[in-house]
Amino acid sequence: MTARDDIIGGIRRSLGRGALADEAAGKLAARIAAHRPNLIPARATSLDPPARVDLFVALAEAVQTTVARVASDRDVPGEVARYLAAENLPAELAMAPDPGLDALPWAERPLLQIRRGKAEASDAVSLTPCLAAVAETGTLMLVSGAATPTTLNFLPDTHIVVLRASQVVASYEDGWDLLRQRSGDGPSALPRSVNFITGPSRTGDIEQRIELGAHGPRRLHVILIDDAEQSPLR
Amino acid sequence: MEATSHTFTDNARAGLADPVLRRALGMAGTGFPARRAEAIARLPEFEALRDQGKAIKDHTIAHLDFYLELYERNVIAAGGVVHWARDAAEARAAVLDICRSVGAKVVTKGKSMVAEEIALNEHLEANGITPVETDLGEYIIQLRHEPPSHIIAPAIHLMKEQVTETFRAAHTALDPDRAISEAPQLCAEARAMLRPQFLAADAGITGANFLVAETGSSIIVTNEGNGDLTQILPKAHIVVASLEKIVPTLEDTATLLRLLARSATGQEFSSYTTLSTGPRRPGDLDGPEQYHVVLIDNGRTALIGGEFQDMLRCLRCAACLNHCPVYTAIGGHAYGWVYPGPMGAVLTPALIGLDEAGDLPNASSFCGRCESVCPVKIPLPKMMRHWRERQFVQGKAPPVYRHGLKCWAWVARRPGLYHELVELKARMLGWLGKRRGRFRALPLAGAWTKMRDMPAPEGRSFQSLWAERQRAGK
Numbered sequence: 105m106t107a108r109d110d111i112i113g114g115i116r117r118s119l120g121r122g123a124l125a126d127e128a129a130g131k132l133a134a135r136i137a138a139h140r141p142n143l144i145p146a147r148a149t150s151l152d153p154p155a156r157v158d159l160f161v162a163l164a165e166a167v168q169t170t171v172a173r174v175a176s177d178r179d180v181p182g183e184v185a186r187y188l189a190a191e192n193l194p195a196e197l198a199m200a201p202d203p204g205l206d207a208l209p210w211a212e213r214p215l216l217q218i219r220r221g222k223a224e225a226s227d228a229v230s231l232t233p234c235l236a237a238v239a240e241t242g243t244l245m246l247v248s249g250a251a252t253p254t255t256l257n258f259l260p261d262t263h264i265v266v267l268r269a270s271q272v273v274a275s276y277e278d279g280w281d282l283l284r285q286r287s288g289d290g291p292s293a294l295p296r297s298v299n300f301i302t303g304p305s306r307t308g309d310i311e312q313r314i315e316l317g318a319h320g321p322r323r324l325h326v327i328l329i330d331d332a333e334q335s336p337l338r
Numbered sequence: 069m070e071a072t073s074h075t076f077t078d079n080a081r082a083g084l085a086d087p088v089l090r091r092a093l094g095m096a097g098t099g100f101p102a103r104r105a106e107a108i109a110r111l112p113e114f115e116a117l118r119d120q121g122k123a124i125k126d127h128t129i130a131h132l133d134f135y136l137e138l139y140e141r142n143v144i145a146a147g148g149v150v151h152w153a154r155d156a157a158e159a160r161a162a163v164l165d166i167c168r169s170v171g172a173k174v175v176t177k178g179k180s181m182v183a184e185e186i187a188l189n190e191h192l193e194a195n196g197i198t199p200v201e202t203d204l205g206e207y208i209i210q211l212r213h214e215p216p217s218h219i220i221a222p223a224i225h226l227m228k229e230q231v232t233e234t235f236r237a238a239h240t241a242l243d244p245d246r247a248i249s250e251a252p253q254l255c256a257e258a259r260a261m262l263r264p265q266f267l268a269a270d271a272g273i274t275g276a277n278f279l280v281a282e283t284g285s286s287i288i289v290t291n292e293g294n295g296d297l298t299q300i301l302p303k304a305h306i307v308v309a310s311l312e313k314i315v316p317t318l319e320d321t322a323t324l325l326r327l328l329a330r331s332a333t334g335q336e337f338s339s340y341t342t343l344s345t346g347p348r349r350p351g352d353l354d355g356p357e358q359y360h361v362v363l364i365d366n367g368r369t370a371l372i373g374g375e376f377q378d379m380l381r382c383l384r385c386a387a388c389l390n391h392c393p394v395y396t397a398i399g400g401h402a403y404g405w406v407y408p409g410p411m412g413a414v415l416t417p418a419l420i421g422l423d424e425a426g427d428l429p430n431a432s433s434f435c436g437r438c439e440s441v442c443p444v445k446i447p448l449p450k451m452m453r454h455w456r457e458r459q460f461v462q463g464k465a466p467p468v469y470r471h472g473l474k475c476w477a478w479v480a481r482r483p484g485l486y487h488e489l490v491e492l493k494a495r496m497l498g499w500l501g502k503r504r505g506r507f508r509a510l511p512l513a514g515a516w517t518k519m520r521d522m523p524a525p526e527g528r529s530f531q532s533l534w535a536e537r538q539r540a541g542k
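Protein chains in written order, with this note's numbering: chain X, 105 to 338; chain H, 69 to 542.
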């Protein structure tokens, strides 16, 4: 008997039944397919989109994410340059090879050196897009893909994320819906990594004193584009 | 790991006498509960979420066979491999086989309690593979050759002075005169030491907080980002997880995630919550080429249907440790195995036997704080009572308890005699203690009066006072 058969058999014996009958199994499958959310806290769902964005910003800043709000796409390269200078960082970036980021007017900032691709060990700063932001806890939601390598989120000391106000959703459940919209139902449709990121890397392992930059980025900076479009979900 | 739970009483005494541990636990016993209370005060729905979290876990266990099979299908559909392990030996062998298949010499590891449970590091080392713990707390105790003393803060028993000593002894290639007396310096040094290991590792091992049946994903919840570097840089990502980590859907997972960080550290959400599904996809520029899940039973399925089934709901948040007057007095090492505190007092006897761990369910004042803070409402005190009952029935309780309980039971079944004896005792102690109002020593209660005085009773039993009051009322 294989370990698998032994374990599944043991579970059924303990539960006092055999394999589930078709009807019972069908009910469970229907429960999964329904994607019905459980209780979602009201703190973000009760807000209109502008207030939801404000809640995201407040909760992100509460965990040491820094947020710069800019009026339009055109302002992003300037904000990147300003932030790097203010933090005394070199004007060099590893950037996600993402068409949306590519479309920004980088030529207006010729002093920024930009390399597109995954992160290398020597990269100090990365710039990535994100799939969404969750207002409920000030959380960014990033997914892996050919245009969005995951190493950019973790290897460099400083991670800059470009976010549109229209990408700010209320809850994690809204995030699941976005994932499903993007790639359809079913497991192989999910990207390899989905990263919920809430503030820079931290540890409390020495005397429970919080230190930033344990292994991941020491700084997490969000450039929030205040676009007027509606949220993708509501 | 080698269990020392059978010497619990001595371990606990040593813990109480350790001045470093006193200081370290003093900080833990106040910080975690205060932060948890603040986080919960900010979320009015928390109580309702606890009920839903409990219901999700109960539903999952009641259909565990269905969800495990679905989970396995979905892992495979996403390009991953599931390895089923009945016990620790099978789990260790599976991990070793995978490491060998990718030619691994160095493997990085995220924090995993089940990896401690199956003694994975010892097994890898014995077979020529170097496991490198990358969670800061785990890294510190690995250098010190100590087991973790807490399930989410493994080095909580240490003060920074011990960490400084440890790093000076271990990092001999660095300048011996460097300044590393403060926490920021120590964190920076660990980061610098571990970064090359992340880049060099051939395989990365993480645990899992949840396994999502709907998608075949594993989820880790961390603050440092070490678990992410561990899984995205090497050729192979190996997940070791016990099978009760299964959750049916992403929606169910969201509910449990709302409970986990708040209960554990009092954070709204941990810095990193990561869903991993299969290996890298075609076109991806990074990520592991192989994704393996070692799914471990090691005694879990035997708990289903019995009086300890509720323990399978445990999220390993450590709230019960942080709020336990016994844990915060003696520390985690006293419990002598992987899981300390109230959850350990229930789980450890189930996994390594009552003969080894019989003292643990007795190390409780039954104050009930553990159950009251548990995010999935596990009745921990009730289950400790079940263990005590089993101990008694199997004749494993110490003779003093056994005979004492038998005498008490004999008297208690004779109410007339019982009341006479209680009244007599109250009168005698009341008379003897009249002058001082308290006793500094009492026969048969030396262990109790060694640390404190016993207040003298007022000379009447409650029963007789009540009877008198009833008569007067008529």
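The set of hints was computed from the structure by calculation and includes no laboratory data.
Don't take every hint at face value.
Some but not every residue of chain X turned toward chain H, in silico, with C-beta under 8 angstroms [said to hold, decoys possible]:
1. Gly114
2. Gly130
3. Ala134
4. Leu143
5. Ala155
6. Leu159
7. Val161
8. Ile218
9. Ser248
10. Asn299
11. Gly317
12. His319
13. Gly320
14. Arg323
For every residue, glycine included, the Cβ atom is placed at its ideal position computed from N, Cα and C.
Results of checking the hints against the structure:
For Gly114/X, the shortest C-beta to C-beta distance to chain H is roughly 4 angstroms, which falls under 8 angstroms, so the interface hint holds. About 11 angstroms separates the beta-carbon of Gly130/X from the nearest beta-carbon of chain H, more than 8 angstroms, and the hint is not met. For the restraint placing Ala134/X at the interface with chain H, the shortest Cβ-Cβ distance is roughly 12 angstroms, beyond the 8 angstroms limit, so the hint is violated. Because the closest C-beta pair between Leu143/X and chain H is about 5 angstroms apart, less than 8 angstroms, the hint holds.
Proximity of Ala155/X to chain H is violated relative to the hint, the smallest CB-CB distance being about 17 angstroms (cut-off 8 angstroms). Interface restraint check for Leu159/X: the shortest CB-CB distance to chain H comes to about 11 angstroms, outside 8 angstroms, so the restraint is violated. Nearest Cβ of chain H to the Cβ of Val161/X: about 14 angstroms, over the 8 angstroms cut. The hint is violated. For Ile218/X, the interface hint is violated, since its Cβ never comes within 8 angstroms of a Cβ in chain H; the closest pair sits about 16 angstroms apart.
About 6 angstroms separates the beta-carbon of Ser248/X from the nearest beta-carbon of chain H, less than 8 angstroms, and the hint is met. Hint status for Asn299/X: holds, given a least beta-carbon distance of 5 angstroms to chain H, under 8 angstroms. The criterion of a C-beta within 8 angstroms of any C-beta in chain H is met by Gly317/X, whose closest approach is roughly 7 angstroms, and the hint holds. Hint status for His319/X relative to chain H: holds, with the closest Cβ pair at about 4 angstroms, below 8 angstroms.
For the restraint placing Gly320/X at the interface with chain H, the shortest Cβ-Cβ distance is roughly 2 angstroms, inside the 8 angstroms limit, so the hint holds. Contact between Arg323/X and chain H, as hinted, is not supported at the beta carbon level, the nearest pair being about 13 angstroms apart and thus beyond 8 angstroms.
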